[in-house]
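S.K.: Could you build the full structure based on these sequences and the hints that come with them?
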Amino acid sequence: MVYICITAFILIMKKKLGECDHSCFMCKNILKEWWEAIDIKGNSINVKKGQKFINEGSEMPGVFFIQKGFVKVHKHWGDREMIVRFTKEGEIVGHRAISSENLLSPISATAMQDSVLCFIELNFFKTLLKTNSTFAYELMMFYANELLWSEQKMGSLVHLSVKERFLVNLIYLINYFGLDEENILKIELTKTDLAAYIGSTYETVYRTISELENDKIISFRNKIVKIINLEKLKLHIANT
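Using full-length UniProt numbering, read the sequence shown as starting at 1 and increasing by one per residue.
One or more of the hints may lead you astray.
Dumping the calculated DSS-like pairs for lysine-lysine here, alpha-carbon to alpha-carbon at most 25 angstroms [what the hints assert, rightly or not]: (1) K186 to K28; (2) K126 to K41; (3) K191 to K88; (4) K68 to K48; (5) K153 to K226; (6) K226 to K186; (7) K52 to K223; (8) K163 to K216; (9) K88 to K28; (10) K32 to K49; (11) K126 to K153; (12) K68 to K226; (13) K68 to K126; (14) K191 to K223; (15) K191 to K226; (16) K163 to K226; (17) K75 to K52.
Just the calculated beta-carbon pair ranges, DEER-fashion [said to hold, decoys possible]: (18) N214 to K28: 18 to 24 angstroms; (19) T134 to K48: 33 to 39 angstroms; (20) E181 to E56: 35 to 41 angstroms.
Read the hints as simulated data drawn from the structure, not as lab findings.
It should be emphasised that the depicted structure is a prediction, and the values quoted were computed from it without experimental measurement.
We put the beta carbon where it would ideally sit given N, CA and C, even for glycine.
M.R.: Here it is in structure tokens:
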């Protein structure tokens with residue numbers, strides 16, 4: 001069954017971009033002569049925290065770039081949810097459905113906080129790729145890096161324990177999102193989110209976090225992850 005709710009959602013919510021700082025992955029890699037066309041063709045969509053704007057199996061009429069906010073990309077894995085990746089400001093979402101043969105999205109996408117998205121219709125997006133070699137090259141590199149990370153992540157499900165996966169992915173999130181001046185991860189995550197991201201259960205992740213808290217390595221309160229001892233965290237990975 002093909003879901004078309006995403007198309008209806010765009011038709012209801014879309015409005016012209018207006019002011020755009022052209023700082024997203026697309027705008028940074030295309031010729032500036034195309035910026036005016038993007039301002040005309042692009043559409044701005046506001047999504048609330050917890051709102052799903054792509055449904056797995058839905059027909060994808062285009063791609064999204066995050067102007068503001070934070071998004072999780074996820075899919076069903078049996079009867080459980082698996083978070084494929086987290087996506088931050090400036091990055092692309094919906095590119096997995098770009099295909100000459102299949103326009104059905106293999107993933108869902110949900111806003112983790114109130115977010116602003118730039119929607120680009122597929123035909124115009126393909127025109128940008130054909131006329132901007134740097135953009136096409138950088139998108140190819142993005143696909144390659146994403147594939148590499150996906151393969152490493154799937155390999156970790158087989159070869160690493162839950163604790164090892166938790167530690168490796170926590171370091172990745174630290175490098176990806178960064179820490180503030182108080183060593184707090186710059187995104188809020190629930191234990192359920194972390195379990196879905198590393199491919200485990202809530203109960204196992206809860207025990208892993210409790211163990212790391214007892215070792216005074218991290219603190220986890222109200223979706224806030226604080227790194228108490230980063231060097232000890234890295235050493236913990238080396239010794240597991």
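S.K.: Take the hints in turn and mark each one as holding or not.
M.R.: Okay, the hints, checked on the actual structure:
Straight-line distance between C-alpha atoms of K186 and K28 comes to about 24 angstroms, which keeps the hinted pair within the 25 angstroms bound. The suggested pairing of K126 with K41 holds, with an alpha-carbon distance near 13 angstroms, which does not exceed 25 angstroms. At most 25 angstroms may separate the alpha-carbon atoms for a hinted pair to count; K191 and K88 meet this at roughly 19 angstroms. With a C-alpha separation of about 12 angstroms, the suggested pairing of K68 with K48 holds against the 25 angstroms cut-off.
A C-alpha spacing of about 23 angstroms is found between K153 and K226, which places the hinted pair at or below 25 angstroms, so the restraint holds. Between the alpha carbons of K226 and K186 the distance comes to roughly 10 angstroms, so the proposed pair stays at or under 25 angstroms and holds. The suggested pairing of K52 with K223 holds, with an alpha-carbon distance near 20 angstroms, which does not exceed 25 angstroms. Taking the CA atoms of K163 and K216, the gap is near 15 angstroms; set against the 25 angstroms cutoff, the hint holds.
Between K88 and K28 the alpha-carbon distance is near 15 angstroms, which keeps this suggested pair within the 25 angstroms criterion. Distance check on the hinted pair: K32 and K49 sit about 32 angstroms apart at the alpha-carbon level, beyond 25 angstroms; violated. Taking the CA atoms of K126 and K153, the gap is about 30 angstroms. The hint is violated against a cut of 25 angstroms. Note on K68 and K226: the hinted pairing holds, with a Cα-Cα distance of about 23 angstroms set against a maximum of 25 angstroms.
Between K68 and K126, the direct Cα distance comes to roughly 24 angstroms. Compliance with the 25 angstroms bound is thereby established for this hinted pair. A C-alpha spacing of about 8 angstroms is found between K191 and K223, which places the hinted pair at or below 25 angstroms, so the restraint holds. Restraint check for K191 and K226: the C-alpha separation of about 14 angstroms stays at or below 25 angstroms, so the hint holds. In summary, the hint linking K163 to K226 is supported, as the alpha carbons are separated by about 17 angstroms, within the 25 angstroms threshold.
Of the pairs offered as hints, the one joining K75 and K52 holds, with about 12 angstroms between alpha carbons and a cut-off of 25 angstroms not exceeded. A C-beta distance of roughly 44 angstroms is found between N214 and K28, which places it outside the suggested range of 18 to 24 angstroms. Range check, T134 to K48: about 35 angstroms between beta-carbon atoms, so the 33 to 39 angstroms window is met. Judged by the Cβ atoms, the range 35 to 41 angstroms given for E181 and E56 holds: they are separated by roughly 38 angstroms.
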